[in-house]
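Enquirer: Chains as they are written, first to last, in UniProt numbering: chain A, 1 to 219; chain B, 1 to 219.
Just so you know, these hints were derived from the structure itself, not from any lab.
Treat the hints loosely; a few may be bogus.
[What the hints assert, rightly or not] Reference listing, derived: stretches of chain B covered by chain A, where coverage requires no fewer than 3 residues with Cβ under 8 Å from a Cβ of chain A:
{"hint": "1", "region": "36-49"}
{"hint": "2", "region": "71-80"}
{"hint": "3", "region": "206-213"}
The beta carbon of each residue, even a glycine, is placed where N, CA and C say it ideally should be.
Protein chains: 2
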Amino acid sequence: MAADIVILTITGGEFRVLLIERGKDPFGGRLALPGGFVEADETVDDAAARELFEETGFEAGESLLERFGVYSEPDRDPRRRVVSVAYTALVPEPPQTRAGGDAAETAWVPVERALEEPLAFDHSRILGDAVAHARRRLEYTTAATAFCPKEFTIAELRRVYEIVWRTRLDPGNFHRKVLRIEGFLEPVDGTTVRNGGRPAALYTAGPLEWLPLPLSPAR
Amino acid sequence: MAADIVILTITGGEFRVLLIERGKDPFGGRLALPGGFVEADETVDDAAARELFEETGFEAGESLLERFGVYSEPDRDPRRRVVSVAYTALVPEPPQTRAGGDAAETAWVPVERALEEPLAFDHSRILGDAVAHARRRLEYTTAATAFCPKEFTIAELRRVYEIVWRTRLDPGNFHRKVLRIEGFLEPVDGTTVRNGGRPAALYTAGPLEWLPLPLSPAR
DNA sequence: CCAAAAGTGTTCGGTCTACACCCATGA
DNA sequence: TCATGGGTGTAGACCGAACACTTTTGG
């Protein structure tokens with residue numbers, strides 16, 4: 001039993017995933033997803049949270065950690081049978097990745113590029129499923145706020161959707177649309193000018209999890 | 001590694017789940033979800049499909065079989081550690097349950113009642129999660145057609161939503177709403193009067209999986 | 001003053017709700 | 001002919017897209 005984790009973030013205007021360069025065979029030199037075995041006294045969720053912390057320093061509560069798949073083909077690991085539970089973690093900003101633990105090289109790779117590259121094991125398939133899952137989650141749930149810092153502006157939230165969906169959204173309409181959804185955003189005092197222009201109001205994520213209607217580009 | 005399966009259907013105007021009375025301890029005499037261990041040469045999905053067939057005679061393709069959870073608390077089975085992957089199967093009509101295999105008693109229990117009753121192991125929690133999952137799936141996907149026979153009328157489909165959501169839907173509006181969603185329903189020749197009144201047109205499920213907008217009761 | 005980003009107003013067209021009404025069968 | 005459920009028409013409320021416009025900052 002193992003937990004593999006697809007850690008996604010947005011930096012430099014790009015949608016990125018954290019990959020590790022494998023040192024040893026099998027697949028030595030290839031990029032792979034972070035992951036590890038489940039210990040005897042922990043749940044699979046615990047193992048995923050532990051793995052996330054080891055790689056990024058984020059506690060589970062500071063990110064959106066969600067199981068999305070189970071990979072159990074008997075020969076997916078050439079050495080022996082390993083059933084893997086796969087998770088996505090949506091994290092706010094790539095704090096410099098800690099080159100600790102396994103001492104392997106880690107890198108935030110743009111998702112587009114990672115999808116083209118052949119990864120170790122069946123990780124290409126897992127990554128593809130994870131990205132599809134994340135895009136759908138943004139559509140139906142409030143998951144997008146997990147990519148933002150604790151306090152964020154509506155425009156920053158909009159940019160998350162624009163980058164993940166590769167679309168353009170009308171700033172004015174988006175503004176009203178998200179504010180009308182009760183429980184999505186909670187206002188906080190203060191404004192910021194960190195994006196230039198007129199000072200923008202700050203918000204935090206509200207308690208709502210499922211959107212009452214999809215936030216998709218159009219109908 | 002085990003697969004537990006929450007087999008849901010609609011009969012007699014009620015939302016029901018297939019439960020098995022356990023013969024042996026632990027939890028002898030209690031009701032439990034069907035389930036079994038994963039063999040060395042199969043995937044977890046295979047194990048779930050096999051279990052479904054053993055209990056109901058349905059092939060995986062004739063139902064909507066979906067993984068929705070992983071239960072891995074180290075002490076969830078008092079005998080030894082068992083990590084269980086949980087599935088929902090939405091099936092059309094309860095063909096008489098085959099009292100084969102384990103020779104245990106099986107019963108289609110109304111979901112409301114099953115949720116109140118204490119089940120074996122952590123199966124009450126699994127059932128609760130499964131029902132919540134199924135209700136949400138009906139909202140966002142075309143899953144409801146899995147409860148209908150191969151050819152069904154729009155009113156039959158409407159009744160699925162009404163029963164699972166415990167609501168009333170306007171027949172006329174529902175009719176137009178689902179027909180307008182491209183890929184949801186495909187017309188077939190012929191009509192039926194099996195529900196009385198004016199003959200109703202027949203449809204089959206189309207290729208669409210995710211609805212472009214939630215089919216919820218109202219906004 | 002200008003550029004840039006935030007946020008508001010307004011118009012137009014489509015969609016949903018509610019409910020009236022017609023249709024096609026069996027009894 | 002009536003009861004029953006299938007299906008269509010329609011008016012009004014509501015909502016979303018498009019886009020013009022105002023606001024508030026930094027340079």
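Enquirer: Any hints from earlier that this structure breaks? Give me their numbers in increasing order, please.
Expert: none
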